[in-house]
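Undergrad: Residue-level listing of the chains:
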Amino acid sequence: MSLLEVSLQGTAGVLPIDVAFRAQAAPLVLVGPNGAGKTQTLMMILGATRPSHGRVTLDGTPLFNAGGRLDLPVEQRRIGFLPQRYALFPHLDVLANVGYGIAAPSREERRRLAREMLRELDAEALAPRRPSELSGGETQRVALARALASRPRALLLDEPLAAFDISLRRDMRRFLAERLRAWSLPTVVVTHDRADAEALDGDVVVLEGGAIVQRGRLAELAAHPATAFVKRLVSGADP
Amino acid sequence: MSAAPPAARRRAFLAIAWPGAIGLLSGLLLLLAALPIAGLLFSAPPRQLLAGLSDPLVLPALRLTVFTTTVSLLVILACGTPLAWVIARRTIQVGQVGRVGQASRTWRVLETLVELPVVLPPAVAGVALLLAFGRRGLLGPGLAAAGIGLPFTRAAVVVAQTFVAAPFYLQAAIAAFRRLDPDLILVARTLGASPPRLLFTVAIPISWPSLAGGAAMSWARALGEFGATLMFAGNMSGRTQTLPLAIYTALASDLRTAQSLSILLVAVAFALLVAIRAGARR
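From first to last, the protein sequence lines stand for chains A and B. Heads up, the first sequence is in the numbering used here, so the first residue is 1 and it goes up one at a time. Heads up, the second sequence is in the numbering used here, so the first residue is 1 and it goes up one at a time.
Hints in this document: simulated from the structure, not taken from any laboratory. We treat Cβ as the ideally placed atom computed from N, Cα and C, and that holds for glycine. Just to be clear, a hint being listed does not mean it is correct.
To be verified - Coverage of chain A stretches by chain B, computed from C-beta distances (three or more under 8 Å per stretch; other residues unrestricted):
#1 83 to 89
#2 96 to 110
Stated by the list, open to error - Reference listing, derived: stretches of chain B covered by chain A, where coverage requires no fewer than 3 residues with Cβ under 8 Å from a Cβ of chain A:
#3 170 to 184
#4 213 to 220
Just chain B, with the same shape it has in the complex (with noise of 0.2 Å):
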C-alpha cells in the first residue's frame, strides 16, 4: 500500500490549513474593529455617560461644531462644484487643436494639488496653515494690516476644515462629472442650454447620487477634524474648542466626559450620514 501522492496530500493540508489562515487574520482585523467600539459603548453604564454629558465643556463644543462644519460644507459646495466640473471639462475634452493639450495637462496638475490634503499629514497641514495666514505667515502683514487675525478665532476653525475636507468632496464630484456621458452634454449644448444651465440642470441633477456622497465624506472629515484645527485655531471652550478638542481636554481631566462626548461625536456622524444617504436617494 503505497501513500497518498503527493499532489492529494497538499490538497488535503490546503482544504484545512487556508480556511484556517483566512479566519486568524481576518478575524484579527475585525477585532481590531469591533474592540475599541465595544469599548466606546458599553465600558461604563448608561446613567454615568448622560451624567458626563452635563459636563460645562459639551454644550459649546457641541454647537460650535454644528456650526463651523455646516460653514465648511456650504463653502465647499459653493466652490467645489464649480472648480470641480471645470477641471473635468477641461481633462476630457479632446480634439481641439492647438494648444488644449497643454491647458489639459495644466488642468491635470491642478487636481492633483487640490486633491493633495487628502494625503497631508493634519500637523503638517496646521504648519501650513499657520505659514500662509499666521502672523509670520505669507499673508500675515496684509491681513495684519487689513485688521484681521485670522488665526485663534472661529474662522479659523472654518478655514482649517475646509482645507482638510474639500479634497473629499471635490474627488468625489470630479469622477462623477467625468463619468457624464458626453453625448448627454452635446445634446443639451445643440439645444442651444448655456454653460451655467448645463451645470444646473443636466450634470448636477444627474450626478447628484455621488455629489451627495462626497459631500458626506467631507462632512465626515470636518467633523473630526482635530490636528490642523489645534496648531491653526488653538482650544478655547467656546470659541474655537470644536467636539474632537473637547474630547482631548476632558481626557485630561475626566475619561468619562471623554467617552460620553466620543459618543456624541459618533452619533451626530451618524445621523448626518443617514440624512445625506437618504437625501440622496430621493
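This is chain A alone, in the form it adopts within the complex (with noise of 0.2 Å):
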C-alpha cells in the first residue's frame, strides 16, 4: 500500500505552516481561501523550500527529516508535480515532452515508451505537436502523461482546472477523478472548488493561515462547517 505522510512546521517565506495529513491511494483534497499556505505546503513536499520541522515520507522512506538533517533534492523525491497552468515545455513536441522524465537506455526506447503512455491517456494523435497547439483538455492529457512517465511515487496538483474555462472544467475534472482513481497513486489535489472535490471524492483537508482547520469527508464538512470559509465552500458559493 503505498504511502505518503507529510508533517511540516516553519516559515518559508511569509507565511507560518503548521500541516500533517497522510495520502493514500485515494486522493487528498487540500482546499483553502487564497494566501492559505496550500502551494507553499506543496512546495515544501516538493522539496522546493525547506521548512524548519517537519518530515515527509513515501512509502516508509524519508524524504524530508528536519531532525536527521535529511533533505533530499527535488530531482530524487520521485513526486510528479502538476503546476497550474501545467508547464508542458514551450521548445518540445508532446512526445519528447513526456518522454523528459523517462529513464531509458536508448532515444528508441524512451520514445517507445512515451508513445505508449500517451496511448494510455488516449492522446497518442498528439505526439508530434507543440504545446502551444494544444487545447486546455489536450494540455492536461499531456501534462499527466509526462508526470506519470517518470514513474513518480506520488503525485502533487496545484489547481489543476483554475486556469481554464468553465465550459472546459466539466469534462477536465471528470477525467482526472477517473484517472487518479485508476492509478490509486497517493495524491494531493489543491483546489478551491467544491466540484472539485465532489468529484475526486477523496478526504478534505482545509488549510486556513497555514494551519489545518477542518478535515473529514465532504458530507461531514456539509455537516458541521468549521468555519465561516468552509460553509461557503459546502454551499457551493465561490469561496
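Taking the hints as your guide, dock the two standalone chains into a single complex.
TA: Below, the structure is given as C-alpha cells:
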C-alpha cells in the first residue's frame, strides 16, 4: 500500500506553516482561501522550499527529516508535480515532453515508452504537436502523461482546473478524477472548487492561515462547517 | 465681435508649434546620425576605397580582429553562461529558511560587479588591466615568476576584449534566465533532471533568442574595442593591432585607408549581426 505522510512546521517565505496529513490511494483534497499556504505546502513536500521542522515520508522511505538533517533534492524525491498551468516545455513537442522524465537506455526506447503513455491517456495523436497548439483538455492529458511517464511514487496537483474555462472544466474534472482513481497513487490535489472535491471523492483537508482548521469527508464538512470559509465552500458558492 | 477665447487660441498655436518643435528637434538628431554614415560611405569614389584596402595594414588587422573576437566570444559564452545561471538562480530563489536572504544579497552585489565594465570608460579599463596584470600590477610578479608576460601580447587583446564585452552577454543572459517560468524549472526537477540537464535541456534552449542577442552585443563591443586594447595590448601591426587600432594608425597618414578600414569594420559587424539574428530565429 503506497502512502505519503507529511508533517511540516515552520516558516518558508511569509507564512508560518503547520500541517500534518497522510495521502493514500484516494486523492487527498487540500482546500483553503487564497494565501492559506496550500501551494507553499506543496513546495515543501516537493523539496523546493525547506521548513524548519517536520518530515515527509513516502512508502516508509524518509524524503525529508528536519531532525535527522535529511533533505533529498527535488530531483530525487520521485514526486510528480502538475502546476496550475501545467508548464509543458514550450520548446519540445508532445512526445519529447512526455519522454523528458523517462529513464531509458536509448532514445528509441524512451520514445516508445512515451508513445505508450500517451496511448494510455488517449492522446497518441498529439505526439508531434507543440504545447502551444494544444487545447486545455489536451494540455492536461499531456501533462499527466509526462508526470506519470517518470514513474512517480506520488502526485501533487496545484489547482489543476483553475486556469481553464468553466465550459472545459467539467470534462477535464471527470477525466482527472477517473484517472487518479485508476492509478491509485498517493495524490494531493489543491483546489478551491467544491465540484473538484466532490468529483475526486477523497478526504478533504482545509487549510487557513497556514494551519489545518478541519478535515474529513465533504459530507462531514457540510454537516458541521468549522469556519465561514468551509461554510461557503460546502454551499457551493465561490469561496 | 470678440476675439477667439484664449483656450482656443492656445490650441491653434499648439497645433502648429508642437509638430514644428518635434520635427526640428528630432530632425537634428536624425541628421547627426545619418550624416557621418553618409560621409563614411559616399565621400570617396569606390575605386579609391578599394585601393585603400590594399594597404599592408589591412589584412593582418582583419585576421587578428576576427581571431581575437572569436576567442573572446567563446570565453564569454563558456564562462558567462554558467555565471549568469548561478546569479539568476540565487537572486530569485526565495523561501528557504536561514541564510538565503544574505546569500541573495551577496549575489546581487556580485551581479553589479560583473556588469560594472559597461559603465567603465575604456581608458580606465586599460589602466585597471595594467594594474592587475602588468609588470607592476597585482599579479605582475607572480606572472613574471611563471615566465608569463601578458601585456602587449595577442592574449592581452583577448583579455581586454573579454573584460569590456562580457557584461553585455551577462546582462542579457541573467535577465533571460530570470524570466524563465519557475514552474518549468520545478517540473523538470520533479521529472528527475539533474542541475546540468536542467541548464542544457530547459534553460538554454528556452532562453536561446535572448542569449544569441546578448552574444551579438558582446561581439559587436569586442569588435569595436579600442581604448583598453591600446593601453593594455599596444598597437603592433600583426600582433596586437586590431581593426579599430589600424584605423587610428592609418588616420595619421592616409584618411582614405582609414575610411576603407572603417567601412570594412562596419561591414564585418553588420554581417555578424545578421548571421546571429538568423541563427537565433531558427
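Undergrad: None of the hints should be skipped; say for each whether it holds.
TA: Now the hints, each set against the structure:
Under the rule that three or more residues need a Cβ within less than 8 Å of chain B, the assignment of the region 83 to 89 of chain A holds, with 5 such residues. Only when three residues or more bring their CB closer than 8 Å to a CB of chain B does the claim for the region 96 to 110 of chain A stand; here the count is 3, and the claim holds. Under a criterion of three residues with beta carbons nearer than 8 Å to beta carbons of chain A, the stated coverage of the region 170 to 184 of chain B is upheld, 3 such residues being counted. By the rule of at least three residues with a Cβ nearer than 8 Å to a Cβ of chain A, the coverage given for the region 213 to 220 of chain B is violated, with 0 such residues.
Hint 4 from the earlier list is the only one contradicted by this structure; the remaining hints agree with it.
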